[in-house]
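Colleague: Sequence:
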Amino acid sequence: MHIKRFQAPFAFCLGICLVIMGSTSFITADIYRASVYLNIVNSYYIDLDGDNMEEDIVTCFKLRINIEDYNPKDHPYMIYVQMKLSSGNIFFYEFKVNQNPSALSSIYFYKQTLESGYYTFLITVVVPYAKNEYRTVSDSLVFDPPSGNSGIEPCAALMI
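Quick note: the sequence shown uses my numbering, first residue 1, plus one each step.
Keep in mind that a hint or two might mislead.
Simulated pairs of lysine-lysine, DSSO-like, Cα-Cα distance not exceeding 27 Å [as the list claims (entries may be wrong)]: (1) Lys62 x Lys131; (2) Lys96 x Lys131; (3) Lys84 x Lys73; (4) Lys62 x Lys84; (5) Lys62 x Lys96; (6) Lys96 x Lys84; (7) Lys73 x Lys131; (8) Lys73 x Lys96.
Estimated spans, in silico, between C-beta atoms of each pair [as the list claims (entries may be wrong)]: (9) Ser138 x Leu104: 17 to 23 Å; (10) Glu115 x Asn66: 35 to 41 Å; (11) Lys131 x Tyr80: 36 to 42 Å.
If you're looking for bench data, these hints aren't it; they were derived computationally from the structure. All C-beta atoms, glycine included, are put in the ideal place defined by N, C-alpha and C.
Can you build the whole structure from these sequences, using the hints too?
Modeller: This is the structure in structure tokens:
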């Protein structure tokens, strides 16, 4: 009876150690096999639409997807963009992408500088790489564009 008490906790502890060791090596191999890198490089205001008003914004970012045998044509990835204005108003944009990213990608925000103050950009990329498994990365940038409300509804375009 004394031996049985000793064996049960020992077996339980050994089982926990094996599970932890097994899951640690699995996670390490999994991260090595599937990685996604995102970095917002810069953001600036410009006149994109030729109306002589610099109320448009360009945000440039680097996106690198390192996943073995990944083909975005078969499994498109999602880019979610959130732009929070200084007033707290938030604009959301969503892009479904089925091509590999270039070295430097851009998002064009038309008619977006609605008010003065700091804007916060948040870009989140979700990449499927196996059945029901995803890699998610985010990056953000605070930017201070000039104000200039043109009265036209803001929109965005993605250039991959």
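Colleague: Hint by hint, work out which the structure violates, then give me just those numbers in ascending order.
Modeller: 3 and 11
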